[in-house]
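Novice: As you go down the protein sequences, you meet chains F and L in turn.
Quick note on UniProt numbering: the first sequence kicks off at 1 and runs consecutively.
Quick note on UniProt numbering: the second sequence kicks off at 1 and runs consecutively.
Any copy, or any two copies together, can satisfy a pair, since identical chains are not distinguished.
Distance condition first, Cα-Cα at most 30 Å in a straight line; then the derived DSBU-like pairs of lysine-lysine: (1) K522 <-> K436; (2) K436 <-> K31; (3) K295 <-> K277; (4) K277 <-> K352; (5) K293 <-> K269.
Just so you know, the hints here were simulated from the structure itself, not pulled from any lab data.
Protein chains: 2
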Amino acid sequence: MAPTSSADYLTQRSQLIAQDRSLRADNAIAKDLSEDERKADEILRRIRTREAQSVWSAENSTKHRHGSQQLFPGMEFLTARETIVETKLFDILSKMPKGGLLHAHLGAMVRADVLLELALSQPAMHVRVPEVISKATIDSVLPQFRGLPQSQWTTNESITDPAYVPNSWVPMKNARDNFSAVLGGPEGFDRWITSAMTINPAEAYGTHNSTIEIWKKFSSTFGVSEGLIFFEPVLREYIRAYFLSSIDDGISYLETRMLFHAKTILDAKGEETMDHKGFLELYDSVVEDVKAKMKEEGREDEFVGSKVKLSTHFKSFIQCSLRATQIIYTVLRILTPEDLEWYLEDCIEMKKKFPHLIAGFDFVGHEDTLRPLIDYAEPLLRFVARQKELGISIPFMFHAGETLGDGTMADMNLYDAILLGTKRIGHGFSLIKHPKLLEICREREICVEVCPISNEILRLTGSMPMHPLPAIMNQGVRVALCSDDPAIFGNMGLSFDFYQVFVASEVNGLATLRTLVWDSIKYSSLEGQQEEEAFAKLERRWPVFIRYILDTYGKFEA
Amino acid sequence: MAPTSSADYLTQRSQLIAQDRSLRADNAIAKDLSEDERKADEILRRIRTREAQSVWSAENSTKHRHGSQQLFPGMEFLTARETIVETKLFDILSKMPKGGLLHAHLGAMVRADVLLELALSQPAMHVRVPEVISKATIDSVLPQFRGLPQSQWTTNESITDPAYVPNSWVPMKNARDNFSAVLGGPEGFDRWITSAMTINPAEAYGTHNSTIEIWKKFSSTFGVSEGLIFFEPVLREYIRAYFLSSIDDGISYLETRMLFHAKTILDAKGEETMDHKGFLELYDSVVEDVKAKMKEEGREDEFVGSKVKLSTHFKSFIQCSLRATQIIYTVLRILTPEDLEWYLEDCIEMKKKFPHLIAGFDFVGHEDTLRPLIDYAEPLLRFVARQKELGISIPFMFHAGETLGDGTMADMNLYDAILLGTKRIGHGFSLIKHPKLLEICREREICVEVCPISNEILRLTGSMPMHPLPAIMNQGVRVALCSDDPAIFGNMGLSFDFYQVFVASEVNGLATLRTLVWDSIKYSSLEGQQEEEAFAKLERRWPVFIRYILDTYGKFEA
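Given the sequences, and given the hints that come with them, work out the whole structure.
Specialist: Structure (structure tokens):
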């Protein structure tokens, strides 16, 4: 019906907008906001609008410009980061209880500087390079690290000395202490390693500005960091640091993808004796350690699984909680279907031994260039059948559609992920191209683990405003925001991802944030009492967060 | 139903893919391809796959790299252009009959070098600048052109001479002939003007790499070119050049947006006497001129509206045809609603005088920063009512959603465009965010004028693979590919836009191309016999195009 009057027009307009947004997951909560939440929502929106002008406007570009980047809300993260942390909106979001982190790769969860410190404290940790490091080679040669058995420790002094024998091991501490002054000395060593384990703006937005090129750099970082991380004494502290820093950012539950490709990890003696069972025992024991630490701090009631009745006393929302943490068993999508069989069996064995830890199964690696899911359909169908026989459940949590391709192998992975019954979808960047799959995801509540900053740095999107997230949300698909590989991208925690998403849309409000947080628990692997406890905890922490917004910004931003 | 066997799995997979693509406009044609078309489709797909490796692969990036751009199919147009024109796929697409061009702004339809030549031939054409042009000012100062009345002609010699009096008029020919040798002499003048009328890669992908910044440059180009174009003797030749170059690219119908903001145009004497009626008479007379020229060349049967019975003899598909051309009356979205009234009345007057020419009404200008459609809802509703009274039809062809915004003024223009009954949508870049609007567009067959290269250069998308077009097409929304402002972007004709779209998707095939071409007539303003003639013409030209593919590439690419 064509409108016949202005009043009629405005009525029809409101109805059309409401219809258009009727599938959104945040509708129910938006209608149900408390009075305080409404006020907090208004404050958030007002700050967003003001900071779009005061911080992110084009007029500030010349002042803040890095290279040729322009300032705008949701701009490229790597050049925006230092500005983001100065904003009021970031302060607020960093205080928000985040719920669960559902898409995170263990190999990239701790800041490079922290990892370096952890590794340097281990005399067993050695480094080698295929060429002497000099001005000519420092930008192209990558270091390899390894915790050696004591019998193989060396007294070599330097990897920058022209006398260095290529590929010979040098104690990491020596290599650092004696790093050539011309290359910056010990700090130069740190910069070099950090640069090899992270993506910098010049790479993402310049030399490697395409999905293919940036994946080369991205993949290479794991080759450097894995030698530092996967040595038992470092690994233990690394996992602890990952847990504690996540708690600090308001994350109360972690569902971690662990790459089980290697069949063993180096034990404390530098021997390859720690099998997958050994790793899971270690992981479990760190969970217990962190529980103990939290108990010392009077926060023991904040763990899922602890039988202690939840305390009604809640000191401060800044006292974040680690509820529980689970592992998604992942393998590389370079395996042959035949080789996959061993891992599927191993995954089942681990699930039997650690039923509380193993939460799912997934493949990792560049979808555009490695094997598509359909290659593995047969063994995966048998894997599902076998679980039924055994009465266990290891749901698929497949990466799928992390691509710009249309009708390519990587894009088509979405069909297979859904046909194979995936519980969630990792990334699902190209899902917006698929009307039927959007409908299925909406109806079956297949939650999409969206990793905004990862997608942008890996060049699937030029910036947040170009990201398909708003389109996915308007289709009523459930979403959990995730950080993916924050140690490489610099988006530690979840505050940065929430920030980028929140500033790039005028539709998103407090109800959206609340929905994303709650859904990160709802679509996690938590069930029954654990899930109830997680929700109860959020219900108690949320009003404290709202109170922070009102108390801190209510007056000044009125 | 979960699949129970591999065969079952593959069946379910095919069904799911078919369901997912069931809304696509090219389905019907895909089922109906002739044997030759099937072969041509295979050839096209094979060439696309091969050239993705031989031309667009990352391995070629170092050889072809411009700045820090990487090579990939659908990469940034301005750095890809010189590579595109060397490909086999481009050769094929440049031979394709394109149907209609439905979104094209008259002010940016002729190559800068051609426009310069046209203007230079006019002794009345003068130029002035606010500062002497020197090495220090050439990159920032913009020239202003004007065809002066003879009484005001000057004998000034140069705009680079330090003695130049700022803002004084210099004959364009003098300014060019005497352009300082330090600045490149006459060729330096041409480079300077061309640069002021076009967007170069350093701007789009560097200094102006955001929607706000690039729109500043984009808008400024019109200020330079309008002085050259809108002077009767130039304008006449300009329109002719636009028609002929479009015909050369296989475009057989033009629906041109003309900005009627200025109430007069300079006549041949340099006086502001040519009103909107005068302009339409001029436009009409060029149509007649071109008809006459075509008649001379034995191609008079290729015009819509000519009463001559269509010849069944068809010499060569390279002999393209101009069927007809119509005007969409546009105004700037800076008008107050009150000021709009005059233009709406004027538009009605022009429609009465030139019923065959006036095809629609639209607003132009940056949606992110200028007035939203809702500001004009009242006068526009009255405009619709008035048309009914008068028994005329001037459908809206609104620009809407040419933005990265989510829930912003520009994004919300889509609601208003649809509520006001728009016949087509210009750009509709943000349409993919709106499930209900996608449904309405699909059901009411509101065709979206998608301008791929324009969107990319104006930084709505980083490259073609990031563009929402595949998502829009899978939603069953009808699309016409358009070039928007090719003189500024360098995408003359439609071959480049078809190229970028075709290489960025594995789903698109010959059926997609054919659908896009046919839909550009179906959703044009052609009706009745004119429309039938246009389709008949396409039906005759298409097999010649298919034959070209088979004959030229059938053997070598088998």
